[in-house]
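*Asks:* Between the sequences and the hints, there should be enough to build the whole structure, so can you do that?
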Amino acid sequence: MAKGLTIEERLELIKKVADGGELIGEDELRKMLESGKEIIAYDGFEPSGLAHIPFGLLRAENLKVMLKAGIRFKLYLADYFAFINNKLGGDLERIKKAGQYFIEVWKACGVDTKKVEIIWASDKMNSLKYWDRVLKIAKETTINRSMRATTIMGRKESDLQSTAQLFYPSMQVSDIFELNVDICQLGYDQRRANILSREIAEKLKWKKPVIVSHHMILGLQGIQPGADKEEIIMASKMSKSKPETCIYMHDTEEEIKRKINKAYCPEKVVEGNPLLDYTKYLIFKRYNLVEIKKDKKFGGNLEYSNYEDLEKDFVDKKLHPLDLKNAVAFYLNEMIAPVREYFEKNKKAKVLYEEVKKYSITR
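Position one of the sequence shown corresponds to residue 295 (my numbering), numbered consecutively onward.
Incorrect hints may appear among the rest.
Unchecked claim - With a cut-off of at most 27 Å between alpha-carbon atoms, the simulated DSSO-like pairs for lysine-lysine come out as follows:
| id | residue 1 | residue 2 |
| --- | --- | --- |
| 1 | K587 | K551 |
| 2 | K423 | K368 |
| 3 | K588 | K611 |
| 4 | K418 | K502 |
| 5 | K418 | K433 |
| 6 | K606 | K310 |
| 7 | K651 | K556 |
| 8 | K391 | K358 |
Said to hold, decoys possible - Between beta-carbon pairs, the in silico distance windows are:
| id | residue 1 | residue 2 | range |
| --- | --- | --- | --- |
| 9 | E322 | D522 | 20 to 28 Å |
| 10 | K433 | K606 | 48 to 56 Å |
| 11 | K501 | E306 | 21 to 29 Å |
| 12 | Y558 | I412 | 34 to 42 Å |
| 13 | K408 | K606 | 40 to 48 Å |
| 14 | S599 | E451 | 44 to 52 Å |
| 15 | W500 | K642 | 38 to 46 Å |
| 16 | Y558 | E322 | 34 to 42 Å |
| 17 | G364 | G384 | 38 to 46 Å |
| 18 | D406 | Y558 | 34 to 42 Å |
| 19 | E565 | D453 | 24 to 32 Å |
| 20 | Y558 | D453 | 21 to 29 Å |
Just so you know, these hints were derived from the structure itself, not from any lab.
All C-beta atoms in this analysis are idealised placements derived from N, C-alpha and C, irrespective of residue type, glycine included.
*Replies:* Structure below.
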């Protein structure tokens with residue numbers, strides 16, 4: 295239970311996590327909060343490659359908010375899902391190493407691993423009960439629906455490489471019930487599996503989860519074309535397997551500056567602008583006051599206590615893209631610097647990082 299918070303305050307905290315994403319089942323969520331019972335949420339990750347800022351900064355921030363709201367949280371390391379998805383070449387030993395490295399990234403980002411439950415998929419899959427549930431879900435799901443849902447793997451339907459990948463959506467939906475989840479708190483890109491879980495729950499009379507989807511951080515290239523909202527998000531999100539779109543949790547100050555300076559940021563343009571995206575969903579989540587340094591001959595420094603005023607000045611051309619880029623690079627480096635320091639000083643973490651850094655990322 296969240297000490298000292300009313301039901302409305304807890305609800306508002308959870309809705310903050312869905313800002314820029316989606317909340318499905320708000321009335322159900324309110325009833326959960328009113329019941330006074332323990333509420334369980336989860337997010338799942340395929341261990342693969344080096345961590346980027348959505349994984350490190352956004353996940354850690356949202357996790358803190360959910361814990362403040364009194365939600366019990368489970369972090370699910372989907373090792374066998376990464377295997378099916380051919381991440382790190384489908385090498386389970388490397389995938390396990392990447393998962394161990396992920397845990398160190400969470401610690402470095404300030405996640406109290408004593409307050410969350412970290413679970414490996416492989417520990418849940420060695421029972422007949424698990425696979426019985428997977429088959430029941432698969433039996434209620436058409437082949438076409440499974441194929442459409444494979445976008446949760448970060449792939450288009452045409453990218454499917456094996457029969458095992460067709461089982462991926464049913465397995466992910468099964469996890470929700472295996473973990474006894476009340477809230478699916480994943481990224482918006484996992485929407486199709488989460489929606490399927492609610493439909494399956496109704497068909498099979500299982501507990502129906504609420505969906506709290508968080509915003510997908512844009513890649514440095516900005517918004518990309520797509521047939522619908524989900525396809526646009528898939529094409530535009532920051533992906534650790536696309537280094538040219540990505541800021542990693544280990545990037546140096548110089549690397550961050552270089553990447554930000556090359557990022558898409560046209561004057562006055564708000565939609566699909568990654569610099570404004572990082573300002574709204576990362577920087578203002580951490581800082582109450584954001585300062586933009588400017589030369590005195592151009593009016594001197596600017597200060598903002600909220601994102602809306604900053605966006606307005608950007609649209610009104612009072613805030614130049616280059617000044618915004620300099621500020622975003624500064625604040626992102628401030629947020630990432632403690633992670634770099636953690637991996638320098640912690641021997642176990644450093645060894646894992648150096649090992650995972652050697653792995654070739656496969657899609």
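*Asks:* Which numbered hints does this structure break?
*Replies:* Nothing - there is no hint that the structure violates, so all of them hold.
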